[in-house]
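Chemist: In the numbering used here, the protein residues as written are 28 to 244.
To be clear, the hints were calculated from the coordinates, so they are not data collected in a lab. Since this is a predicted model, take the numbers as computed values, not measurements. Check the hints yourself; a few may be wrong.
Quick list of in silico lysine-lysine cross-link-like pairs, BS3-like style, CA-CA up to 27 Å [stated by the list, open to error]:
1. Lys162 - Lys141
2. Lys186 - Lys208
3. Lys70 - Lys208
4. Lys141 - Lys186
5. Lys70 - Lys141
6. Lys141 - Lys208
7. Lys208 - Lys162
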Amino acid sequence: MSRFPQLPPETPKVRSAWRRAVGTTGLWLAGWRIEGNLPNLRKFVLVVAPHTSNWDFVVGFLVYLALQIDTLWFAKHTALRGPFGALGRHFGAVAIDRSRAGHVVQAYIEEFDKRDSMILTLAPEGTRSRVLDWKHGFHHVARGARVPIVPVALDFLRKRVVFGPPQMPTDDYVADMALFKPFFRAEMAKRPENYDEALPTGAQLAGSSRNESRNST
28 MSRFPQLPPE
38 TPKVRSAWRR
48 AVGTTGLWLA
58 GWRIEGNLPN
68 LRKFVLVVAP
78 HTSNWDFVVG
88 FLVYLALQID
98 TLWFAKHTAL
108 RGPFGALGRH
118 FGAVAIDRSR
128 AGHVVQAYIE
138 EFDKRDSMIL
148 TLAPEGTRSR
158 VLDWKHGFHH
168 VARGARVPIV
178 PVALDFLRKR
188 VVFGPPQMPT
198 DDYVADMALF
208 KPFFRAEMAK
218 RPENYDEALP
228 TGAQLAGSSR
238 NESRNST
């Protein structure tokens, strides 16, 4: 089996020989491999974790190039200014203002509805620092757009990127995360001390849902 698989026919992609060459060469030189593959679907949300270091972006970007994935991903609006902003947008970056998170969720649900194909890539921790729970925006987007969530693990311990099976989100966030979070372990992280494997509690979810509901109105 190839260390760098080809995407299935229906998966959104950008045909580019130079992207694949740069991505596969970079991963090969660094000793990384890809396990699994993206689903043969036209729309889904990619959830990438653990996110504890800037090196996560480097590895993720090489995978993005190697597989020639056509995806959108969030970046701070302040990070997409000037020439680097133009470059980032060329590779699928979309500027967001985190103070308007609820509006961003609705905007991406509408974007999924408008497009024939779309992959949205998110790091649900939202920061490289240690957090007790993931942000729930990715789940709201997937539910609202009626698309599956695909987990992607960055395993620095074994130098591999692992694609998990797609899962349709339900109304029960905690139950959904019980299926996904065992896929991500602290030992995989570049900085394991910054990753918490604890599952969310109902109290955390209730408080977050109320806040996100207010932000969405």
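Chemist: Taking the hints in turn, state whether each one holds.
Modeler: Hint check:
1. Lys162 - Lys141: 25 Å, holds
2. Lys186 - Lys208: 19 Å, holds
3. Lys70 - Lys208: It holds: about 22 Å lies between the C-alpha atoms, which stays within 27 Å.
4. Lys141 - Lys186: 37 Å, violated
5. Lys70 - Lys141: 11 Å, holds
6. Lys141 - Lys208: 30 Å, violated
7. Lys208 - Lys162: Distance ~13 Å between Lys208 and Lys162 Cα, so the pair holds.
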